[in-house]
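Enquirer: In case you want the letters, here they are:
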Amino acid sequence: MGADDRRTPLSTLHPHIPARLPGGPDREYNSSMLRGPLPEPTVIAAKFHRPAAPRHPVPRPALMARLDAGLAAGRPLTLIAAPAGYGKTTLAAAWAARLDRPVAWLALDEADDDPLRFFTYFVAALQRVAPAIGAELTPALRAGQLPPPAVLTTTLLNDLVAAMPIVCVLDDFHVIQDKAILSILGDLLAHPSAGLHLVLVTREDPPLPLARLRARDQLTEVRAADLRFGEAEIAALLRDGMGLPLSESDLARLAERTEGWAAGLQLAGLSLQGRSDASAFVQSLSGTHRFILGYLTEEVLARQPAEVQTFLLRTSILAQLTAELCDAVTSPSTPRPPPPSPEQHYAQERGEGVAAGRGRGARSVLEHLERANLFIIPLDDEGRWYRYHHLFAELLQAQLRRTWPEEVPGLHNRASRWYEAHGMPADAIGHALAAAEHERVVALLECHGWALLNRGYARTLEGWLSALPVGLRDRSPRISLDLGWMSLLRGNLAQVAPHLAQTEAAIHVPGTSEVPGTSATAWRSECLALRANLLQAQGRIAEAIEAGRQALAHAPADDQRLIGLASLALGGAYRQLPDYDRAVAALQDAIRASRASGDRVTEMLAVSHLTLMATQYGRLRLAAQAATEALDRLERGAASLSAAPAAAPPTIVGAVHGALGLIHYQWNELDRAREHLQTAIRLSALVGHNASLIYSQLNLARLLQAEGALDDAADALAEASRLLAAGAPGWLRPPLIGEQARLALARGDDAAAEAHLRGSGIGLDDPVAVHTDPVHLAWLRLLAGRGDSRAAGLAERIIRSADAGGRHGTLLHALLGAARLAADDLRAARRYLERALALAEPEGAIRPFLDEGPALEALLARLGRPAWLPLTSPSPLRRGGQGGEVVEPLSERELEVLRLLAAGFKYAEIADRLVVSLNTVRFHVKEIYGKLGVNRQAQAVARARELGLMA
Amino acid sequence: MTAHTNWPDDPRTYRITLRGQVDEEFVAAYCPAGTLLAHQGDAACLSDIHTDQSGIVGLVRHLHNLGCTILALETVV
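From first to last, the protein sequence lines stand for chains A and B. The opening residue of the first sequence carries number 281 in our numbering; numbering runs sequentially from there. The opening residue of the second sequence carries number 5 in our numbering; numbering runs sequentially from there.
Just to be clear, a hint being listed does not mean it is correct.
Computed footprint of chain B on chain A, listed as stretches where at least three residues anywhere in the stretch have a Cβ under 8 Å from a Cβ of chain B [as the list claims (entries may be wrong)]: (1) 497 to 511; (2) 847 to 854.
Estimated spans, in silico, between C-beta atoms of each pair [as the list claims (entries may be wrong)]: (3) Asp14(B) / Leu379(A): 27 to 35 Å; (4) Gly523(A) / Asp27(B): 25 to 33 Å; (5) Gln25(B) / Ala352(A): 33 to 41 Å; (6) His54(B) / Ala1222(A): 47 to 55 Å; (7) Gln25(B) / Gly988(A): 52 to 60 Å.
Here are the simulated lysine to aspartate or glutamate pairs, DMTMM-like style, with alpha carbons at most 20 Å apart [said to hold, decoys possible]: (8) Lys459(A) / Asp14(B); (9) Lys459(A) / Asp506(A); (10) Lys459(A) / Asp52(B); (11) Lys1211(A) / Glu1226(A); (12) Lys1206(A) / Glu1176(A); (13) Lys459(A) / Asp389(A).
It should be emphasised that the hints constitute simulated quantities derived from the structure, not laboratory data. Just so it is clear, CB atoms sit at the ideal spot from N, CA and C, and this is done for glycine as well.
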């Protein structure tokens, strides 16, 4: 799955609107995951914690000044690059502490080299200092969807511009190698005016265009040679900070031996503390740099009390330390004597640290380590979580493996169990792997795999799986199925079948790791449900229905999750068949069952199917009820803090808003319709879901046309066309063509309307079916307007087909068209009209009558209009670009902005070009619109050209 | 800062011989100023790369991630 992690999830086959509809569970599908929100709050908070300054910080005025200058010069990037142990993080933290602007801090680890995970944390880090940043991105990220890079970049840039300038420090950035992450960060850096100053703390240069940034003076660098301690700094560290009585020649010797390397100096200082022969020790140091480190570590370690030594070695396997975890890891066996050394004896005699270390549990040892400055770094302000300095941890681990190799698996095992018990499955799995407890890894993955996949661990999970012995990973139906559902949900259909095959093979393997309460029948049923959803998504309807039915037949009666998943596949398949009644029944089953099991994504997928289909079939009330109920539940879920986060993907929610927009339009509630459509467009754009976006743009175009804003309607249709060309399911073409023809007719451009219809490939005489309805209705409108004699026959054919298929929406439009055509034959007209009214009244459909225009209005007046049908005239024309002269001339700057807009530049690019802030550009644009009397960019450009303001 | 000049982490001049797609654009964006690119048969040579350990490690990993095969990495005195 490695490759598709980088894709926009759900992008290709989201269960949106008609045609290809997948389905799948989300994070809540496992009821055990409903217990609470993200279960790693403490460790997550630790990721955002800026390390506190050491008690005796070494002043580094020259470096501080360099960092200050970079910030003052508005350079977007500071790079602090040096090997481990050079004091990079300490420098960044000390600098950040004295800044007067907000600093976001994010400590990265290997698992963060995944775009979804990285940006979830990145946005969260920024939000801690500026809550509004990325607020729109959060729902998508929390639902496991990475917005398209362009949307992510633009949204962040816009939010950053609106916020105060921010400094963001990314510590341990060398773990980030993912191209998508780097490319987005590169884009952010390319817009220095956004006010984000990025500080990358890294062991190696990141693959960002540093040379280019250097050449443009947009980069501040602090490197190993700069970080190296000079003699003055060594004196500050060892003499002033640690109180060591060292001579100038001792300092020079230390500088030479450690090469000014902070970690080495720190260790040297620690091993010198309490020595009466400090000078002799320094002079005896031989070897250089890294070679000295191992020696010094042993020295320092040996000077610790036995219990502290034991503690350090045993806990060195932990990436983060908390007292409780350390107790769990170290307690089961009694302390063992470390390798004897005279220093140890000496230290114990002096009573140093012993009181802290002995018999008071891990908390006091940790506090002792912190006081002794033993390479332990607090990860929060409460003193709950710590970590060892990476270098120190590596050395301790090496020593642990040398000293007590047989203990290592047991330590990892205990760590794994503690993490599991504390709801941190990722760490539990990592330690189980380190303990080589493969069965346990499988069991943990079976329990938590889905939750982890949804939390952005996809790539990490792949890594875990590949670390398992072949055969073992293939023996777990649960893991294979989770991967299968994930592939389906992400639109990666080709990978579903292999996972299914693996699952099916695993079910037959004797000794398959059994998840309690899961029978082979239930596994088979879930395989069938997955297969049914896959077939449905592939448009293999008959097979999908067969698989779905079988899945239901084999599902245990109380397994609501499974029933929901199977019903969803059936509903989607029946919808495509199309069989309206069966589809509604199956989707209602799916909604009921998934609500019972708490599987919110299946619920929302079913709701979106039901809403969109019912809307298409003119069952507005049913659609609206399903949609509003689901949205209410989502809101309540989101409002209740104790509940699991509402994780329905925004794509699905966007589609539901799109349908609600159309429903309110039909009810002639145009303002509410507009609200829903705008929400739909925003949500769909956020996750780059073209189908949902096009669907909503089409509905918006119709709304704008009804309001008389024909230019705006044309813009919306142009946008829909562009999106369709960029890649979207083909079923969206007929409704687009239908709207294009409708708009052309509204403009009196008969020929254009006909050209659109002819280009559709759906001829006047082709059979009428659900997918041709929009085009056939448009043909009817065109012919009727021309008085073409073929119109009546076409109306009849549409009426017959829609009637037989239960497509009440189409039927209503066709009946109204037929009534208008029969205006001379009042009896026939009345027959059509009465039927239309009978269809429309229970659904409250008003707009179809209004959209037919004055001819129908006159007919209604003659035949008697029911009270429920108010015939308000269409909304007054909104101010478009037409007429009127520019009262106030555009300023030079405004003209410049306008020219750049016309040339296709984005706001941020214009800001960069004119060396102004993004807000200034926005201000200019607002002024331009005001002066030209327009409210869209395209209009502004057109108007300016009209007025001869620019070429 | 001390007067030392040849500590392991200090900048020095490197040369990388590799097989793979590297062009001037890459050099301009990602290599230290002054880096030269030459092609020799199907191999490419980046020379006069003046950087330190972090810089050279980052560059080598970047090339590796781009699918280049590193054939040789040398320091030039």
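Enquirer: Does each hint fit the structure? Answer for all of them.
Expert: Hint check results:
Judged by the Cβ-Cβ criterion of 8 Å, the region 497 to 511 of chain A is covered by chain B as claimed, because 7 of its residues qualify and three suffice. Residue count for the region 847 to 854 of chain A with a Cβ under 8 Å from a Cβ of chain B: 0. That is fewer than the three needed, and the coverage hint is violated. Under the hint 27 to 35 Å, the C-beta atoms of Asp14(B) and Leu379(A), about 30 Å apart, fit the expected range. Hint check: Gly523(A) to Asp27(B), Cβ distance near 57 Å, so the stated range 25 to 33 Å is violated.
For the pair Gln25(B) and Ala352(A), the supplied restraint of 33 to 41 Å holds, since their beta-carbon distance comes to about 40 Å. His54(B) and Ala1222(A) have their C-beta atoms about 54 Å apart, which keeps the hinted 47 to 55 Å range intact. A C-beta distance of roughly 56 Å is found between Gln25(B) and Gly988(A), which places it inside the suggested range of 52 to 60 Å. With a C-alpha separation of about 29 Å, the suggested pairing of Lys459(A) with Asp14(B) is violated against the 20 Å cut-off.
With a C-alpha separation of about 29 Å, the suggested pairing of Lys459(A) with Asp506(A) is violated against the 20 Å cut-off. Straight-line distance between C-alpha atoms of Lys459(A) and Asp52(B) comes to about 27 Å, which puts the hinted pair past the 20 Å bound. Under the criterion of a C-alpha separation no larger than 20 Å, the hint pairing Lys1211(A) with Glu1226(A) is consistent with the structure, at around 14 Å. The hinted pair formed by Lys1206(A) and Glu1176(A) meets the criterion: a straight-line CA distance of about 14 Å does not exceed 20 Å.
Distance hint between Lys459(A) and Asp389(A) is fulfilled; the C-alpha atoms sit about 16 Å from each other, no more than 20 Å.
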